[in-house]
Amino acid sequence: MDITSPLFLAILANGPVKADGYTYFLYGGKVRKCKSTRGPRKSRTEGEKQTTDRFTEARKMWKIYKRAIGDLLIWRIAARERGVSKSDSLFHSTNGGCLLPGKGVWAFKTFRFSMGTLEAPVITGTERNGWTVTLNWENGIDCPKASSSDQVFVGYFYDTLRRSPRLLRDIPARRGDESVTIEIPSGDQSEGTPLHLYLFFGDSELARFSPSEYAQV
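Heads up: the sequence shown begins at 718 in the numbering used here, then just goes up one per residue.
In case anyone wonders, no lab produced these hints; they're calculated from the structure.
One or more hints might be untrue.
[Unchecked claim] Distance condition first, Cα-Cα at most 20 Å in a straight line; then the derived EDC-like pairs of lysine to aspartate or glutamate: (1) Lys862 with Glu836; (2) Lys862 with Glu930; (3) Lys826 with Asp876; (4) Lys750 with Glu765; (5) Lys820 with Asp876; (6) Lys862 with Glu922; (7) Lys826 with Glu774; (8) Lys777 with Glu765; (9) Lys766 with Asp737; (10) Lys735 with Glu765; (11) Lys752 with Glu765; (12) Lys750 with Asp737; (13) Lys752 with Asp737; (14) Lys862 with Glu895; (15) Lys862 with Asp920; (16) Lys826 with Glu930; (17) Lys820 with Glu774; (18) Lys735 with Glu774; (19) Lys803 with Glu774; (20) Lys820 with Asp770; (21) Lys862 with Glu798; (22) Lys780 with Asp770; (23) Lys826 with Glu836; (24) Lys777 with Asp788; (25) Lys803 with Asp788; (26) Lys777 with Asp876; (27) Lys862 with Asp894; (28) Lys820 with Glu765; (29) Lys735 with Asp770.
[Stated by the list, open to error] Per label pair, the in silico range of CB-to-CB distance: (30) Leu878 with Leu923: 18 to 28 Å; (31) Asp887 with Cys751: 51 to 61 Å; (32) Gly787 with Gly847: 22 to 32 Å; (33) Gly738 with Ala890: 49 to 59 Å; (34) Asp876 with Lys747: 33 to 43 Å; (35) Lys820 with Asp737: 23 to 33 Å; (36) Gly738 with Thr898: 53 to 63 Å.
For glycine and all other residues, C-beta sits at the position ideal for the given N, C-alpha and C.
Required output: the full structure, derived from the provided sequences and hints.
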């Protein structure tokens, strides 16, 4: 177990963790450890195993997610806006509870594909025809946190691939359009495979993003 990992620090923020005969905890913002009173055990408790497995799953999801978004600094910017030192720590604390070890996302509705200070979209309707999907949303007043020129992004999961986030970018639509029609790659999936979609916006300089809004089609 890598005790210097930001993800492990995020877990310790919720309380001590016992592993390999030691109890790890945070003190003064640093990781400390002491021998567990019962000494080392031959096998971990179920609680310890669940903590370690969830930590491992979150690390895997973060790695795949970063490949999906490419050079977009969504979580680094969000972490800075919230005063969090590491982007992966924020991702884990936000989405860790949405993951099941070995299975990926189970709580799609509460999973956040994006975080940020721009106004979040309000989805008003969806339509699907094969792999063609239309998303409609309500647009409020044109303001710095909700500019009509904000770029449109759609993250998605196939229901059959819950550990494989993907992203559509360079979409020729803007927040002010209040609607977008996109083609989701079939990805060798069966016709009608449920899709979990995450609509969010980014400003013209990709220096700020909005929280994502979920829809299933």
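Okay, which hints does this one fail, numbers in order? No numbers; nothing is violated.
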